[in-house]
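What follows is each chain in one-letter form.
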Amino acid sequence: SQTIHQWPATLVQPVGSPLSLECTVEGTSNPNLYWYRQAAGRGLQLLFYSVGIGQISSEVPQNLSASRPQDRQFILSSKKLLLSDSGFYLCASYRDRRRNSPLHFGNGTRLTVT
Amino acid sequence: AQKVTQAQTEISVVEKEDVTLDCVYETRDTTYYLFWYKQPPSGELVFLIRRNSFDEQNEISGRYSWNFQKSTSSFNFTITASQVVDSAVYFCALSGEAGGHGSSNTGKLIFGQGTTLQVKP
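Just so you know, the sequences run in chain order A and B.
Just remember that my numbering sits 892 ahead of the position in the first sequence, which is counted from 1.
Just remember that my numbering sits 10 ahead of the position in the second sequence, which is counted from 1.
Calculated from the structure, these hints are not laboratory results.
We put the CB at the ideal spot given by N, CA and C, even for glycine.
Any given hint might turn out to be false.
[As the list claims (entries may be wrong)] Some chain A residues well away from chain B (every beta-carbon gap over 10 Å; in silico): (1) S893; (2) P906; (3) S912; (4) N955; (5) S957; (6) A958; (7) Q962.
[Said to hold, decoys possible] What follows is a list of derived Cβ distance ranges for each label pair: (8) A/N992 to B/S84: 18 to 26 Å; (9) A/R990 to B/E20: 30 to 38 Å; (10) B/P50 to A/W899: 36 to 44 Å; (11) A/Q937 to B/T30: 37 to 45 Å; (12) A/W899 to B/G112: 36 to 44 Å; (13) A/S909 to B/E27: 29 to 37 Å; (14) B/S52 to A/N992: 33 to 41 Å.
[To be verified] From the derived model, a few chain B residues whose C-beta atoms are all more than 10 Å from chain A: (15) Q18; (16) S22; (17) V24; (18) D28; (19) Y42; (20) Y47; (21) E66; (22) Q67; (23) S75; (24) Q79; (25) N86; (26) T88; (27) G106; (28) T116; (29) F121; (30) V129.
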């Protein structure tokens, strides 16, 4: 079955510093991949999604960017972090290739920008 | 535009009580999909259920049950005989697309703000 790995689990970064969060998926090929963010006390917002290598779609204008250098690798980056980038970042992918497959999430990275 | 509203921000119950979490959605799609996820204190999101808009049968899974009513655009979640381990944040979500990998599936899940459930012993 599919497994989603995210690291690091927690991260504290100063304002203006760069960011790189990594997500890798095991157990499937050519998955759709997603980055969601959960701000404190709020719901989840879709940031980026990718349907293949090098294909990135952005859902909201922001200070972040995403890349997909390999089939099962999805990276979330920033050149200069803002305080408002703090939150819980979750990588997601469908459990399998079936049409009714549910979206599954990794364990997340809790980012605090100070 | 699609929208999911979970009006209950926090609910506190005593163990063994029944509790219902409300979810109201808005969409112009004739075909859509509704979800519930559980987020325990550890933070990971756990998939609970997925319903299609064309299947209004209610569903029961152990102590969990879901009431889907298209007439009121609601998809409520009931926990029977609640337990301390049920304490978590529960999210309702909506998507206009079926799941599964493929370029046609953008996987846009619209989430509600979540309901924090505290079950006291």
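Status of the stated non-contact between B/S75 and chain A (beta carbon gap over 10 Å): The assertion about B/S75 holds, with a minimum of 18 Å to chain A.
Interface exclusion of B/E66 relative to chain A, criterion Cβ beyond 10 Å: holds, 16 Å
Given as non-interface: B/V24, which should sit over 10 Å from chain A by C-beta: About 24 Å separates B/V24 from the closest Cβ of chain A, which puts it past 10 Å; holds.
Assertion that A/S893 lies farther than 10 Å from chain B (Cβ): holds, 13 Å
Consistency of beta-carbon spacing, A/N992 to B/S52, with hint 33 to 41 Å: The hinted range 33 to 41 Å is violated for B/S52 and A/N992, with Cβ atoms some 27 Å apart.
Chain B versus A/Q962 - minimum CB to CB distance exceeding 10 Å, so not interface: Given that every Cβ of chain B is farther than 10 Å from that of A/Q962, nearest at about 16 Å, it holds.
Interface-negative label, B/Q79 against chain A, beta-carbon threshold 10 Å: Given a closest Cβ separation of 21 Å, the condition holds.
Interface exclusion of B/Y42 relative to chain A, criterion Cβ beyond 10 Å: Fine: 13 Å to the nearest Cβ keeps B/Y42 off the interface.
B/S22 non-interfacial with respect to chain A [C-beta, more than 10 Å]: holds, 16 Å
Non-interface claim for B/D28 versus chain A (Cβ beyond 10 Å): The assertion about B/D28 holds, with a minimum of 25 Å to chain A.
No chain B beta carbon within 10 Å of A/P906's: holds, 23 Å
Least C-beta distance from A/S912 to chain B larger than 10 Å: holds, 20 Å
When held up to the earlier numbered hints, the structure conflicts with 10, 11, 12, 13, 14, 20, 28, 29 and fits the remainder.
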